Each structure stands twice: as structure tokens, then as C-alpha cells.
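Residue numbers (our numbering), protein chains in the order written: chain C, 1 to 163; chain G, 1 to 394; chain D, 1 to 335.
The hints are simulated quantities; they were obtained by calculation from the structure and are not laboratory data. Where hints are given, some of them may not hold.
As the list claims (entries may be wrong) - Heads up, simulated SDA-like pairs for lysine to any residue below, C-alpha to C-alpha not over 25 Å straight-line:
#1 G/77 x C/48
#2 C/91 x G/268
#3 G/268 x C/129
#4 G/238 x C/129
#5 G/75 x C/133
#6 G/75 x C/71
The model shown is predicted, which means the values in this text are computed figures rather than measured ones.
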Amino acid sequence: MSVTLPEGDLQSRLERYLKGFRNRHGLGESAVEGNVVRLVVEPNILPEVLATARDNLAVLHLSFITVVDLEGSFELTYELLDMRGGIVRVKTRLEGEEPVIDTVTNIYPTANFHEREAYDMFGIAFRGHPDLRRLYMWQDHFDHHPLLKSFEISTKRTFEGLR
Amino acid sequence: MLREERRAREQNRGGRASGRLAGPDVRDEFGIETLEMNMGPQHPAMHGLLRLILELDGETVVRCDPVMGYLHRSKEKISENRMYPSVVPITDRIDYMNNIAMEYGYCMAVEDLLDAEIPPRADAIRALLNELGRIMSHIPSIGFLLLELGAFTPILYAFRERERIQNMFEAITGARMMFHYIRIGGVKADLPEGMPEQMWEYIEGLEKRLKPDFMDLIEGNEIFIARTRGVGKMTQEKAIEMGLTGPPLRCTGVSYDVRRDYPYGWYKNLDFDVITDEAGDVEASYRVRIGEVQQSIRMIKQILENLPEGEVMADLGRRIRPSEGDGFGRAESARGEYVVHVVSDGSDTPYRVRYRTPCTVNMQLLKEIVPGHYLPDIMPIMGLIDPVSGSWDK
Amino acid sequence: MSLDILNQEPFRFLISFGAILFLVLNLAAVLTMAERKVSAYIQLRYGPNRVGPRGLLQPAADVFKLFTKENVSPSRADLWVFLLAPIAMFIPAAAVWLVIPFAPGAVVADLNIAIVFFIAITSIGALGVIMAGYGSRSNFSLLGALRGAAQMISYEVPLILSLLGIVMLTGSLSLVDVVNAQAGGFWHWYFLPQLPMFVVFYIAGLAEARRVPFDLPEGESEISGGFMVEYSGMTWALIQASEFASMGLISAIHVTLFLGGWQPPIDALDLGSFNWIWFGLKTALIIFTFQWIRWTMPRLRMDQLMDFGWKVLVPVCLIWLFVTAGAMLLLPSVF
Chain C
1 MSVTLPEGDL QSRLERYLKG FRNRHGLGES AVEGNVVRLV VEPNILPEVL
51 ATARDNLAVL HLSFITVVDL EGSFELTYEL LDMRGGIVRV KTRLEGEEPV
101 IDTVTNIYPT ANFHEREAYD MFGIAFRGHP DLRRLYMWQD HFDHHPLLKS
151 FEISTKRTFE GLR
Chain G
1 MLREERRARE QNRGGRASGR LAGPDVRDEF GIETLEMNMG PQHPAMHGLL
51 RLILELDGET VVRCDPVMGY LHRSKEKISE NRMYPSVVPI TDRIDYMNNI
101 AMEYGYCMAV EDLLDAEIPP RADAIRALLN ELGRIMSHIP SIGFLLLELG
151 AFTPILYAFR ERERIQNMFE AITGARMMFH YIRIGGVKAD LPEGMPEQMW
201 EYIEGLEKRL KPDFMDLIEG NEIFIARTRG VGKMTQEKAI EMGLTGPPLR
251 CTGVSYDVRR DYPYGWYKNL DFDVITDEAG DVEASYRVRI GEVQQSIRMI
301 KQILENLPEG EVMADLGRRI RPSEGDGFGR AESARGEYVV HVVSDGSDTP
351 YRVRYRTPCT VNMQLLKEIV PGHYLPDIMP IMGLIDPVSG SWDK
Chain D
1 MSLDILNQEP FRFLISFGAI LFLVLNLAAV LTMAERKVSA YIQLRYGPNR
51 VGPRGLLQPA ADVFKLFTKE NVSPSRADLW VFLLAPIAMF IPAAAVWLVI
101 PFAPGAVVAD LNIAIVFFIA ITSIGALGVI MAGYGSRSNF SLLGALRGAA
151 QMISYEVPLI LSLLGIVMLT GSLSLVDVVN AQAGGFWHWY FLPQLPMFVV
201 FYIAGLAEAR RVPFDLPEGE SEISGGFMVE YSGMTWALIQ ASEFASMGLI
251 SAIHVTLFLG GWQPPIDALD LGSFNWIWFG LKTALIIFTF QWIRWTMPRL
301 RMDQLMDFGW KVLVPVCLIW LFVTAGAMLL LPSVF
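From just these sequences and the hints, can you work out the full model?
As C-alpha cells, then:
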């Protein structure tokens with residue numbers, strides 16, 4: 001069975017995506033810049049926004065999930081591609097020290113490894129993830145999340161101190 | 001007659017051992033268990049340090065769980081502590097078979113933050129080296145695929161090509177492998193005198209050598225076909241769902257290539273085809289890679305014919321200090337879609353650098369596709385993904 | 001005491017047995033060097049060329065190194081089985097050389113059932129592989145042993161069936177008779193009337209010697225050494241020696257059965273009792289083709305290997321046996 005990728009003029013496609021999102025969800029900010037549809041959403045409706053992107057707007061490819069530790073909150077960026085020139089960039093912000101958000105692996109199964117990496121590096125818990133383990137760091141005895149700003153690279157710290 | 005039948009059956013079956021696994025009642029009666037085995041981090045044929053936790057039923061894999069992280073070098077954390085130009089050598093070492101694309105993605109991301117104009121000659125040289133780097137990576141990939149199938153010779157032929165390209169890179173950039181050549185704003189220095197002619201000679205030679213040295217010796221081989229046709233068969237939906245990009249995706253028939261769909265740099269002026277193949281198995285990925293080498297040769301010829309004159313580095317001032325915001329650089333590395341997301345806070349060092357390496361995502365294929373295949377099929381499937389451990393582990 | 005006493009049993013047998021053992025061990029050593037050189041030239045590089053003139057002393061260096069290495073064994077290995085396995089692999093590869101005729105009248109043991117002896121002793125090689133894999137008590141070794149057992153036992157069937165045509169044509173099970181029946185020039189050699197059997201024996205011989213494309217028990221890529229992964233030092237050297245010895249053995253038997261043994265290709269080139277030179281040349285040629293195939297072809301997967309053995313080779317053998325029998329009945333003057 002083959003997959004058909006969207007055709008047609010890029011600008012009109014991007015406008016269509018923007019309208020599709022605006023019609024269905026209450027968004028924070030939304031705009032079209034260049035070839036990017038930028039959206040800012042609340043974390044609780046994020047999975048629905050992504051489900052709209054995939055099911056209704058045929059934006060099929062989740063390129064990556066970035067987590068930025070803004071000491072005090074976390075900003076997640078989900079970048080979706082329709083593989084023909086259009087980009088949908090969804091940003092959301094999680095407050096607090098113990099961030100929790102719903103998983104999107106049921107919508108975009110590729111998010112499995114991205115979310116595992118986010119958990120490993122930042123400690124973000126994804127509700128409903130089928131297999132939330134660490135990806136890179138040691139899976140036992142290591143309780144730190146390395147990419148947090150509070151985890152300092154220190155030449156004085158020994159290997160034993162880490163575990 | 002027997003051979004045709006066998007091949008047709010293998011293709012339909014996809015090389016899987018369907019129906020061979022003993023049913024639950026037989027298992028309980030005889031106390032049959034599966035064998036849990038490690039294809040450990042130390043292994044002569046792994047593409048790096050990867051631990052595969054396998055559950056085997058005889059020779060059939062029931063579950064395959066990749067455990068990564070043995071080469072994790074915390075590149076993202078290091079990048080936060082280095083000034084923008086000093087991060088380029090860090091990116092070099094992410095995918096050590098195709099370094100130039102890694103540098104390119106990062107530099108594009110920072111240039112996006114700075115809104116910089118790159119001089120056309122720098123763009124052309126970047127694209128030229130990117131394509132040479134792609135050839136440098138794809139030909140050994142094919143060699144590795146065959147090495148894992150047990151043919152020891154093609155890899156040496158492949159490394160002969162790679163050595164020749166590395167010699168050219170050494171003349172241009174000063175290093176055989178970790179180039180540090182694509183810098184923010186352009187490239188480090190112009191091509192040496194006579195280099196375009198030398199490159200032209202090499203490319204013509206490669207074009208003539210590709211068929212007799214590689215394609216003719218590999219494609220018709222019965223054993224190669226028997227080992228790779230039908231193995232690792234994927235549908236297009238599954239491939240997109242798993243987030244595959246690059247040759248693993250294109251071998252199923254989905255035509256997605258960052259160079260054509262999200263064009264960057266000099267690729268807007270180049271004329272090339274995106275190679276896809278409908279079969280979706282290991283043999284298809286081999287054909288996609290050989291096709292991409294041929295397209296790269298075509299692109300290099302186009303660039304060499306119309307190499308613009310001018311300077312090779314934009315004047316971005318002595319200090320690279322972008323304003324606050326996000327910069328995104330998306331490049332097509334030999335293994336797939338490579339994205340760098342740089343978050344800047346206005347200081348000398350990036351606030352956050354995220355490397356979306358294609359191999360991390362492509363490795364999900366192992367979890368999904370390998371169960372149902374035989375144990376010796378794991379290696380050709382790794383040849384389909386063609387991972388590089390620096391790339392999946394960062 | 002005249003030297004004639006050495007020509008009587010048991011001295012003759014003991015001396016020639018010693019000579020054969022010497023030959024086999026040296027063959028194994030020389031073949032390591034030959035393999036490396038052949039592989040190097042196929043891969044467009046030079047092989048070892050530092051030790052001695054043009055690298056000819058490399059086997060000596062290899063043997064010396066292996067003698068000085070520590071014999072490591074896994075802690076939970078079954079030590080008796082683990083250590084006896086290399087011996088169990090080497091003895092069959094060495095023992096069959098006793099029945100091969102090197103030159104007219106130069107056979108260590110002129111058995112009149114030499115072919116049955118060959119088949120019986122070669123089957124023990126499979127036992128050695130199982131002992132090695134089982135005794136190591138490690139997952140990879142176990143897989144290698146199981147694969148080795150399945151492969152070697154199932155490829156014995158085409159191996160044996162392909163000999164039967166020759167037995168029918170010669171009317172005897174003795175290797176000396178087989179070689180004598182091929183006298184008169186290469187058009188009398190058995191590879192011409194038995195061409196399919198020639199090919200089948202060659203392929204089955206590759207499988208028995210565990211060479212690529214049938215080296216899955218040793219599968220370097222998936223199970224990194226398979227049944228021999230836990231061996232090092234002299235034990236490993238013995239396994240390697242047995243592998244090369246069995247490769248030499250299969251070539252020698254192949255030559256004896258199908259290519260005329262010590263018979264010269266044209267009668268004019270007959271060298272009398274120096275015909276072992278012809279035997280040596282032909283065996284070297286077959287060994288070279290074994291190595292050539294090893295370095296150019298990928299390996300078959302287990303199920304494809306078994307399919308090929310049972311579904312292709314065995315029917316070919318059976319059909320050609322009928323053809324041979326039919327030809328013998330219909331053309332009694334020729335056969």
C-alpha cells in the first residue's frame with residue numbers, strides 16, 4: 001500500500017494547515033513564517049493538536065522533539081513535516097520541576113525514541129509511553145538527568161560520584 | 001524451476017519464518033523456552049557498539065531490543081559550553097563516516113539565527129563536498145553490507161575508493177576525516193589550485209569504475225540475492241510511522257529527500273533525481289544507495305562545470321553572537337534527515353543544541369522489523385539501516 | 001641389521017604414518033600462508049611479505065605465536081569435552097590421508113574398502129564440532145554447534161551419493177583401483193562421465209570443510225566464531241589446523257576420485273614414481289579454487305543452505321546415478 005504525499009502550492013497548503021489548527025483548537029500563538037506554521041499550545045491539548053496534524057491535515061512525519069531547560073520551566077518543540085516543503089512547529093511549555101506530559105507515540109510512533117531521550121536527558125515523564133526507559137545513560141543506579149542546567153560538567157567530579 | 005519457486009516463496013514470505021514457531025500447547029508440553037541472548041556491545045561485525053538483547057526461538061528472533069549508549073559522548077552538553085565556532089569540531093565527530101554533512105547542518109542552523117548571506121562560491125563548495133562525502137559514505141556502506149554477509153572482498157574495494165576521496169579531502173581541508181572545514185559563514189579556505197580538475201578526473205574514473213568494480217560483481221550474485229531479497233521488508237506506512245528517513249525510507253518507495261523538498265544552499269540550482277525503489281527490503285536499499293552514488297556523481301559534475309567565483313567566507317564579524325531565538329538547519333546526510341536546532345540566549349555560547357541524528361530514529365526499525373526473521377538476517381537488516389554508532393549515540 | 005626391516009610391517013606403517021602426520025601438519029601451516037596470500041591478491045593488496053623472503057616464513061611465525069599463547073577456557077566449560085574437541089576434529093582430517101594413493105604403489109594403507117573408510121571417518125568430524133560448541137557452554141558456541149551438526153550431517157548425504165557413480169564405474173571400493181581405472185590421459189578421468197557428481201562432490205565437500213559459502217557454524221558476522229569462539233592458543237591452532245587439513249583432504253579425495261589421482265594428463269608426461277608431483281599439482285589447484293570461492297562469495301543462511309543440500313544436490317545425485325547405471329547397461333563397451 002503506498003502513501004501519497006501532498007501536492008500543490010506550498011503557501012496555500014500552509015494556510016490550510018493554519019486554518020485547520022485554528023478551527024479545531026484554541027491556540028496560544030499561531031502564524032505562518034516562510035515555510036513554517038508556528039503554533040504555541042498548552043500542554044494538555046498537545047496530543048490533540050498533533051492528532052489533527054496527522055489525521056486531518058496529512059502531516060505525516062515527526063522530525064524531532066526538542067526540550068529546552070529554561071530553569072524553572074521546560075519548552076518542548078515538536079517539528080512535523082509534510083515532506084513536501086511544509087513545516088509545522090508546535091511549541092509548548094511545561095512549568096515546574098517535575099514535568100509531565102502525555103505521550104504522542106500513539107499518534108506518531110516515531111516519538112518513542114525521542115521521548116525516551118527527553119526522559120533520559122531531562123527527566124520529563126511521558127504519560128502512556130509504552131517503554132519509558134533511559135536511552136543513552138546507565139539504566140540502573142544513575143539518577144541524574146544530564147542535560148538539565150543544574151547538572152554541571154565538573155572536572156572534579158569522579159565517576160564514582162555519579163553513580 | 002525449483003529456484004524460481006523458492007525465490008517467489010521467499011519474496012512473498014519476506015524471508016520470515018512464519019508458521020515455524022511452535023504453538024503454545026507444544027511449548028508447554030515439552031517445556032520449550034526461548035533463548036535470551038546478547039549480541040553484545042563487543043562484536044566483530046556490529047556497526048559500532050550496540051547491544052541487541054535477542055530472544056530466540058531456535059534460529060528465529062522473537063524479540064529484539066537495542067540498547068544504545070555505549071558511545072554516548074554528551075555532544076549536546078558539550079556544545080552548550082563552547083563558543084559557536086568551536087562547536088563545529090564537535091559536530092564532525094557525530095557521524096564519522098559522513099562528517100561534512102554534520103558540519104553543514106550545524107552551520108546552517110547558526111546562519112539561520114544570524115540571518116547570514118553565504119557567498120555563492122562557499123555554497124557551491126559546500127554542496128560539492130557534501131556530495132563527495134555522500135559517496136565516501138555510501139560506498140563503504142555497501143562494502144559493510146557485504147562484509148556482514150560473508151564476502152570479505154568488496155569492502156576492500158570500497159575502502160580503496162574512500163581512500164582516494166579522503167586524499168582529495170586532505171588536499172582541500174587538511175584532514176582525512178575530521179575536516180572542520182565548513183565554518184559559520186562559509187568555508188574555511190578556497191579549493192587549492194588544480195583541485196577542480198583533479199576532482200573531475202576522479203569523478204569520471206569513478207563513474208566508469210562503478211559498474212565493473214561494484215555493481216556487476218554484486219548484483220547478479222545468487223547468494224547475495226538470496227540473502228537480501230525479501231529480508232527486512234517494510235511497507236511505506238510502517239516506514240513513515242517509524243520516522244525513517246534517508247535510504248531506509250526511500251527503499252520502500254516514499255520519495256522524500258531534504259535536498260529536493262526543503263532545498264538549502266546550492267541544491268536549489270542543481271538538477272538530480274531522488275532514487276526510490278518499491279521493494280522495501282535490503283536489496284532495495286542497496287539499489288537506492290548505488291543510485292544515490294550515481295546521482296551524486298551527476299551533481300558533482302554540474303557543480304564543477306558552473307563553479308562561481310568569489311570569496312568563500314561571509315563577513316560576520318569577529319564574534320558570533322546571535323540574538324535570542326531558535327535556529328534550524330536541516331541537511332540530508334548519507335543516513336537520512338539531519339536537523340540541528342540551536343537555541344540562543346544572546347551570549348557567546350549556545351543555550352541548547354539539539355542534534356536530530358537520523359540513526360537514532362532509524363534504529364527503531366530493529367525493534368519493529370527484526371522479530372520474525374532469522375538470526376543471520378539481523379546483519380543484512382543493519383546493512384539496510386546502515387547506522388554509525390557515533391550517529392545513534394551522539 | 002639391514003634397512004630392509006624398515007620395509008616390513010609394522011615399521012613401514014609407523015614410519016609412513018609419521019610421514020603423513022608430518023605432511024598434514026605442514027600442509028595446515030602452509031595453507032594458512034597460502035590463504036592469506038590468495039585473499040590478499042584477490043583484495044588488491046599484498047599479503048604478509050615481511051617475515052622471511054617474500055613472507056615465506058610467516059607460517060613459522062604464526063605457529064610460534066600460537067605455541068606461546070595461553071589456552072584460555074571458560075570457567076563453566078565442561079573441560080574434558082572442551083579440550084578433547086579439537087583433537088576430535090583433527091584426527092578424522094588426518095586419518096583419511098592414510099588411504100590416499102600419492103603415486104603408483106605409494107599408499108600407507110591399501111584398504112579394499114577405502115571409500116567406506118573415508119566416509120565413515122569424515123562423519124566423525126561433525127562430532128568434533130558438536131563437542132566444541134557444547135563443551136564451551138556459551139550461547140554463541142551452542143548455536144554454532146547446532147548449525148555445524150545440522151549442516152555437516154545433512155551434506156554427508158550428497159557427499160556419499162556422489163561417490164556411488166564412481167563405485168559403479170570402477171566396480172571396487174578401493175581408492176587404488178579408482179586411480180588405476182583412470183589411466184590413459186585426462187579423457188579417462190572420471191570428471192567427464194560424472195560431471196554432475198564432480199560438481200556435487202565439490203559443493204558437498206565445501207560444506208563438510210565448513211568453508212564459505214557454508215561457514216555459518218563459524219559465522220564470523222553473526223555469532224563471531226560460533227563453536228570456536230571460546231578457544232585460544234594451541235587449542236585454537238589445532239582447530240584451525242584441522243580445518244585446513246580437512247580442506248586439503250577434501251581436495252585430495254576429490255582429485256583421487258574425479259581427476260585421476262596421480263595419473264598424468266597425457267601419458268607422455270608420466271613420471272613413474274614421481275607422479276606424486278601430478279597429485280600435488282592437482283590438489284593445489286583444487287585448494288586454490290576453494291580459497292578463491294571463499295574470498296569472493298557471501299555465505300548462505302541456514303535454511304537456504306539446508307534447502308540447497310536436500311532439495312537440489314540430492315535429486316541431482318540420484319538422477320545421475322540412474323543415468324550412469326543406464327549408460328553402463330546400454331554401452332557396456334565404453335563402461
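Here is how each hint holds up against the structure:
1. G/77 x C/48: Violated, because 32 Å separates the two Cα atoms, which is more than 25 Å.
2. C/91 x G/268: Violated, at roughly 29 Å.
3. G/268 x C/129: violated, 40 Å
4. G/238 x C/129: Within the cut-off at roughly 19 Å; holds.
5. G/75 x C/133: Given pair residue 75 of chain G, residue 133 of chain C holds - Cα atoms ~20 Å apart, limit 25 Å.
6. G/75 x C/71: holds, 20 Å
Hints 1, 2 and 3, counting from the list given before, are not met by this structure.
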